[in-house]
Amino acid sequence: MKRFSRVPASAAAPTDDDDPAAAATAVSIRLDPIRLDTPLLALDPRDSLEAKTEKLPMRCLRTAAVVLIIIAWSAAVFVLGMAVPDSSALHPLASGRTRSSNAGDLALDHLVLFGDSLVQRSVGTSGFASILQQEYVSKMDILVRGFSEFNTRDALELVKPTIKSVFPVSPKAKIALVVILLGSTDAMVEDPSRPSGHVPVDEYRQNLISILETIHDLSRLTRLLLIAPPFTMTPPSDNSHSNTRVNLYREICLQLPNRVKGEWASNFTVLDSWEALYGAPIPASFAPESLGSAFADIFDPDKLHLSHKGNELLGKAISSKIRQEWPDLAASAITGPYPLAQWLQQSQ
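Oh and the sequence shown: position 327 is 335 in this note's numbering, straight run, nothing missing.
Hints listed in this document are in silico derivations from the structure and should not be mistaken for laboratory results.
A portion of the hints provided could be inaccurate.
Once the Cα atoms are required to be at most 30 Å apart in a straight line, the calculated DSSO-like pairs of lysine-lysine come out as [said to hold, decoys possible]:
#	residue 1	residue 2
1	K324	K172
2	K180	K168
3	K180	K329
4	K182	K172
5	K182	K324
6	K329	K317
7	K311	K324
8	K317	K180
9	K317	K269
Please put together the full structure from these sequences, using the hints given.
Spelled out as structure tokens, the structure:
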């Protein structure tokens, strides 16, 4: 009987009578069908280099498909976004359904008020800035840049950045007019015992000229209206705002048109606030301090700043001066870019 029945007959194992060493060698060879020199890579065909090479095109196709899906989705979102109209474009003045030929740009020219606390306080419901806003509504934007206690030294430092900051954004608009009111603080009596905004007369004149030149250099088409500082109702015992001194600074303003030379002289004029508040040409003997209560209702209780009536008088004087010097800047001469209401257009 043979010891290993699974060995084929052609390669039968030796019998017990054969050499024991030869039999052990034969058994060890026949029990192990794996060759020792076979590469490990060939043990699993799924991990072979050829198999990996066969899988590579499939992976590339899958990646390409994902990329194409992402691109298609992004394109669809973009197209849908373009198809939805902007809500602002639905407004008749911002779309093709315009009511006026000027509806594409509704920017207005600017009228700038620049000065001290008299300008700062003009924004109240009874201030001269509010009077101008009502007159020029939808025709010109009134911008107020008034600063409490400012003198011409302060204004000279601030005028350039201020004018730059109020330039219209639209190229079709401009700074049409700058109204300047400075001098009340400059005219204060210099008192070593307390702080004072006093500026000597000669420096005041030069500061005003520099301020005017700065505005002109920044905006050559801008008209310039200088208002002489108004008189006050402070008693004669209060030397801090003596009208005798204020009058010196008023005279400087009134003389400036004769000193201004150059191309912009025709774009510059001066308004005498004393005449505007007095209501008539100022007589040589005019002494506001001696008028008592005659002008009391023109000023606030501090006797320095203008009351409702004082603002109304000055506001009307500014409008009248504009119409007199530059008729094209009169409110009645300006056609604003805003159209009539649609129902009014249909009724015409």
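Broken hints, by number: Of the numbered hints, 8, 9 do not hold.
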